[in-house]
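Colleague: Sequence:
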Amino acid sequence: MFDDVWSFDLDTHHWKKMPFDLAVPVFFHDAAITKEGCLIVWGGVLDIYSTVRTNTGQCCYLEPPSLKTLAALALRPYLKYTRIEDSDGLRCSRVMDIVRGICTDMSAGGESQCTLP
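Residue 36 in my numbering sits at position 26 of the sequence shown, with consecutive numbering throughout.
FYI, nobody ran anything at the bench for these hints, they're computed from the structure. Since we're looking at a predicted model, the values are computed, not measured. A couple of the hints might just be wrong.
Stated by the list, open to error - Think about it this way: if two alpha-carbon atoms lie no more than 25 Å apart in a straight line, the pair counts; the simulated DSS-like pairs of lysine-lysine are:
no., residue 1, residue 2
1, Lys26, Lys45
2, Lys78, Lys45
3, Lys45, Lys27
Stated by the list, open to error - Restraint ranges, calculated between C-beta atoms of paired labels, are given here:
no., residue 1, residue 2, range
4, Ala81, Phe37, 31 to 41 Å
5, Leu89, Phe12, 14 to 24 Å
6, Pro87, Trp25, 14 to 24 Å
7, Asp57, Tyr88, 35 to 45 Å
Cβ coordinates follow ideal geometry from the N, Cα and C atoms, glycine included.
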């Protein structure tokens, strides 16, 4: 079992060890890099006997993400929509309602702590 991460250069056909490790060692997994430079490692086998498989993901940014992505990641814990199927009512015209709901959820007394127009 290994937790190291390697990159393959398609031009030079050389491997390069990356300066970080996975949180959980796996093999027989899949990996991809998003446009924003997020390495996503999905699934894999967790033990040397190939008896424990996982369907969870690990991610690591290889370069700083955009401010838009950082803002979305910061808001994610406060969103009531945990699955795509739950987000039917999410519309661009309701942005301020959603922000007010997030601010209310963050406050201790149930009243909004945000200054909104």
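Colleague: Within a Cα-Cα threshold of 25 Å, do lysine 45 and lysine 27 meet the stated pairing?
Modeller: Satisfied, since the Cα-Cα distance of roughly 21 Å is no more than 25 Å.
Colleague: State, for the Cβ atoms of alanine 81 and phenylalanine 37, whether the hinted interval 31 to 41 Å holds or is violated.
Modeller: At roughly 35 Å between Cβ atoms, phenylalanine 37 and alanine 81 fall inside 31 to 41 Å, so the hint holds.
Colleague: Tell me if the straight-line CA distance from lysine 78 to lysine 45 falls inside 25 Å.
Modeller: Judged against 25 Å, a Cα distance of about 13 Å means the pair holds.
Colleague: For the range 35 to 45 Å, tell me whether the beta carbons of aspartate 57 and tyrosine 88 fit it or not.
Modeller: Between aspartate 57 and tyrosine 88, where Cβ atoms are some 36 Å apart, the hint holds.
Colleague: Is it true that the C-beta distance of proline 87 to tryptophan 25 lies inside 14 to 24 Å, as the hint says?
Modeller: Violated: the Cβ-Cβ distance is about 37 Å, outside 14 to 24 Å.
Colleague: Lysine 26 and lysine 45 were given as a pair; does the straight-line alpha-carbon distance stay at or below 25 Å?
Modeller: holds (20 Å)
Colleague: Indicate whether the distance between the beta carbons of leucine 89 and phenylalanine 12 respects the range 14 to 24 Å.
Modeller: violated (35 Å)
Checked against the numbered hints listed earlier, the structure breaks hints 5 and 6; every other hint is satisfied.
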